[in-house]
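*Asks:* These are the residues of each chain, in order.
Number of protein chains: 2
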Amino acid sequence: MLPILHLNGYKIANPTLLARISHDELKSLFVGYGYKPFFVEGDDPETMHQAMADTLDEVMKEIHAIQHRARDKGETIRPCWPMIVLRSPKGWTGPKDVDGKKTEDSWRSHQVPFSEMATKKDHIRLLEKWMKSYKPEELFDETGQLIPELAELAPKGERRMGANPHANGGLLLKDLKMPDFQDYAVEVPKPGKVMAEATRVMGAFLRDVMKRNMGNRNFLVFGPDETASNRLGALFEVTNRRWVADTIPEDEHLAVDGRVLEILSEHTCQGWLEGYLLTGRHGLFSCYEAFIHIIDSMFNQHAKWLKVTGSEIPWRRPIASLNYLLTSHVWRQDHNGFSHQDPGFIDHVANKKAEVIRIYLPPDANSLLFVADTCLRSRNLVNVIVAGKQPGLQYLSMDAAIKHCTAGIGIWEWASNDKGGEPDVVMACAGDIPTLETLAAVDLLRKQVPDLKVRVVNVVNLMKLQPQSEHPHGLSDREFDVLFTTDKPIIFAFHGYPWLIHRLTYRRTNHKNLHVRGYKEEGTTTTPFDMVVLNDLDRFHLVADVIDRVPKLGYLAAYAKQTIRDKKIDHKTYIAQYGDDMPDIKNWKWPY
Amino acid sequence: MLPILHLNGYKIANPTLLARISHDELKSLFVGYGYKPFFVEGDDPETMHQAMADTLDEVMKEIHAIQHRARDKGETIRPCWPMIVLRSPKGWTGPKDVDGKKTEDSWRSHQVPFSEMATKKDHIRLLEKWMKSYKPEELFDETGQLIPELAELAPKGERRMGANPHANGGLLLKDLKMPDFQDYAVEVPKPGKVMAEATRVMGAFLRDVMKRNMGNRNFLVFGPDETASNRLGALFEVTNRRWVADTIPEDEHLAVDGRVLEILSEHTCQGWLEGYLLTGRHGLFSCYEAFIHIIDSMFNQHAKWLKVTGSEIPWRRPIASLNYLLTSHVWRQDHNGFSHQDPGFIDHVANKKAEVIRIYLPPDANSLLFVADTCLRSRNLVNVIVAGKQPGLQYLSMDAAIKHCTAGIGIWEWASNDKGGEPDVVMACAGDIPTLETLAAVDLLRKQVPDLKVRVVNVVNLMKLQPQSEHPHGLSDREFDVLFTTDKPIIFAFHGYPWLIHRLTYRRTNHKNLHVRGYKEEGTTTTPFDMVVLNDLDRFHLVADVIDRVPKLGYLAAYAKQTIRDKKIDHKTYIAQYGDDMPDIKNWKWPY
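Note that the protein sequences, when read in sequence, are chains A and B.
Mapping of the first sequence onto numbering that gives the first Met the number 0: residues 0 to 591, in sequence order.
Mapping of the second sequence onto numbering that gives the first Met the number 0: residues 0 to 591, in sequence order.
Calculated from the structure, these hints are not laboratory results.
No experiment lies behind these values; they were computed from the predicted model shown.
Some hints here could point you the wrong way.
One copy or two, either will do: identical chains are not told apart, so a pair holds if it fits within one copy or between any two.
Okay, derived cross-link-like pairs now, PhoX-like style, lysine-lysine, Cα gap no bigger than 25 Å in a straight line [claimed, not checked]:
| no. | residue 1 | residue 2 |
| --- | --- | --- |
| 1 | K566 | K588 |
| 2 | K487 | K511 |
| 3 | K571 | K560 |
| 4 | K452 | K120 |
| 5 | K95 | K120 |
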């Protein structure tokens, strides 16, 4: 890779900054960036061609010397790679002036140096003079063909820029050698009893993906300094963080060939991963959920690229998917706070073409394993996985997780009591914390209103909610109606902003009975349960929502709501005193 | 301003990059950034205190010398401002080791250097030793009070960091002196006949806002090199682009005291504007619509700050609103293309607290003037204005614009024919191009089905669509039902992604009959009309939507839809041949 800064002085309406600082400052800047800059500067085409050729020769010599020291002498210290500053006029060899205004070497030559050909005869003459200055009679024969000596200069076959396999990464893509994700399963003898940290379990799986593909050197994990914090530290059993700057003896897990790329810049992580995928390799970007918005705009361009190349450009071969693991999410803010709370990246993603986007909210470790495996095997997609890193209840055995996640959505029979009859209410949930609160609410309802028929539906693959006509994963209306009924109240506890669920389901028969709870921009640094209380997503609120919406429970409302009110006051008093959640909240497990 | 890079070597789990490059590279980097770096380096507290004090003295002398040259000698060349690199151990003076692992001067001292106090007695002892190392007996008296000699060192009154008025900008805020926006009105004798460029009209208004407040120096306009391209060039009649780097004689509108800040970095524009507002001044950020996503994450933090300080911290005085003008929007891609198409920033904004966000889609120049005036006068909000820069039809006289925009939503009587009766269909629109297509569709319907009763509703203030309970600007359900009926089909032509309208209206009575057209990620570099055709937002498609949804028009469907199909084929053929829209499309005006 040889970076060339083409410093032509201007952008759309202004000089560029780097063109207007001193030579010394400019040189210092690139030295500060770790490069050895070479300058090619001038405006006479002939001289500049020679200067550029000489500089390229010199630079290639430098590169070969570095490669020799590294490859033949085993030198591992970071080299000072060469780069070139090419300073030439903007609009070079275009018209010097148009209508008496400086155009070559000015912002005026940006994009359209002059126009109005139909009305200004001068402009036509100017265009003709300009075009003729390239001496077409020396370049083309009488039939308009490029003369053979020039045509021969063009590279052939894979040396052509557009045919270089590195510019069509799918050609170079090798499948990842995948371990069996079932080998990493958490034992879940009964639902809602065992605790595990979902991303830590995934970490062990990723470690072995890394190990198996070390030989092919085609898998990297990216993150803003959070691989360990996000509980993916098992990776460091088989690889290191890539580090080419100075080291000291106390350093841990830093190496020039490390396959975990950490930098506290989501932009850089995203850019690295995109480049890596586009050149035919595989990767995963793990990020704090709130801060992935930093790369919203970069994601946009990648999703647009996938849309166009995936469906409209047949010679482009599929590349590995862009995989995000969003963790350290909105609902656990024990150490961070309001600034770290934003589950809206999935709203942003859902605006892009359905064919290229997937959003998964696995509720526990085994379902996360299944989803991670699916994402790493997929092609030409953007996969967003949202999963917590904190210890949490486990609901699904591996066998149950495979069935549930393959469907992407389904009734949790063990949590429901409507089998063989009609439910009075559907309690739906998506995301680990909303699932926990939903189940705890179901427990409260079972105790307070044993004859209430509750159906629990869990959603892993969010796109299942959309109509089939809108997304390839969408349920048919018939399937949706069977799950959610056509006329019963649905209380939906959701990980993100509630309106995303409304948006995905507004065409469904029972949308009028859908009531969604989710994050509504209320939060601070507080206990896990207080976060859900602040946003009306807690078990008590969900119970109140059920009582409000199931007609036959009307008689319960007054007393039940007063109990709930008191519970919330207890909670507030307790956390103010102990800085921790009440034991019966914190230690709640599914008691059946 | 004195930048200090506190280079303590580590972040959460890694060394920092700048701590592990050579002194020369680090120095070069800051020289390249235009600074004169001073280094304070070491780990002995006493020596370091002295070194820091000496360096601060030296640096202050430098700053005073620069100020003297500028203020007394009139020197205007860019000075090399000093900055300090303070290199000290992370976790300095904390425990050297914890459990045998290096902690001071290591990433392990990040945030929580050690914990588990309840279970590890060693840790309690370590904590005690550490705390006692600060000699509390010398700092506090027997009652625990700070000793008077130390207490006196703290600054008083406004010199206290938290009481400095520059950290509570509202204290310093002066109202902008506003010209009368009505003076810039476009003459609109009849709706839909006259053409104007909305943002160019706004440019003249901004010019005079700038002029009137020049004395107070409290208004700046920010943009990524697009002020002229976005047609706000009138500003350069009264001010310049701020430019402190080198200049050449041919430069235009560059000056050290320019009040338009242009840099091709949306991040920098956003950061500058936030800082400017927080210190009590006013500003506007104009940006290409698609690229404002670059600052999604920065917007989040500002919106969260406004939510907390606006409603929860009474001593914080209101500051001027953060104003965005999004132009060069999705529907005009004559020169750009798919990469420049994303109207989703308003979806992102709508996720934040209703109290602090406002979204305006003025359909023409006079309505834009009204909205711009409203935004510049407002406090503690984020205002997003979406408005095209291309020549477009004008619908509202200034008088009509004031009435329509004050309400934020309303029936356009002159375009409707249902007065005195019930409408058969409500044609709603928000945004300049959707308004144009809606009116052209109404024209086609009037010609084809003269007895069809059509009501045209235009939305300027998007938040009017939300329920009153969700947004302070929301219409009551009664008001909404009166405008949109409770049972007639609504065809809504929207500027952005269609689901935003569904999300805002899902609780409304007539939501089930709402059908929204908008951007659905289809586009390329093409003609204006082709952009709407590609996204099914064109006049023909809107007519087809009406025919499909108004029961009494069923008989028309077969022939009408065939005509529409033929029209679209004509359009495709024409643009392929001429690269421009058909004259009857391009030159369409409201014919009544």
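*Asks:* Now, for every hint given, state plainly whether the structure supports it.
*Replies:* Hint by hint, here is what the structure shows:
Taking CA atoms no more than 25 Å apart as the test, K566 paired with K588 passes inside one copy only; the shortest distance there is 18 Å, against 64 Å between copies. For a Cα distance limit of 25 Å, the shortest separation of K487 from K511 qualifies both inside one copy, at 10 Å, and across copies, at 18 Å. Proximity of K571 to K560 under the C-alpha cut-off of 25 Å is restricted to the intra-copy arrangement: shortest distance 17 Å within a copy versus 62 Å between copies. In this homomeric assembly, K452 and K120 never come within 25 Å of each other (Cα to Cα): the closest approach is 83 Å inside a single copy and 52 Å across copies.
Taking the shortest Cα distances, K95 and K120 sit within 25 Å of each other inside one copy (17 Å), while across copies they are farther apart (80 Å).
Violated hints amount to a single one, hint 4; each of the other numbered hints is respected by the structure.
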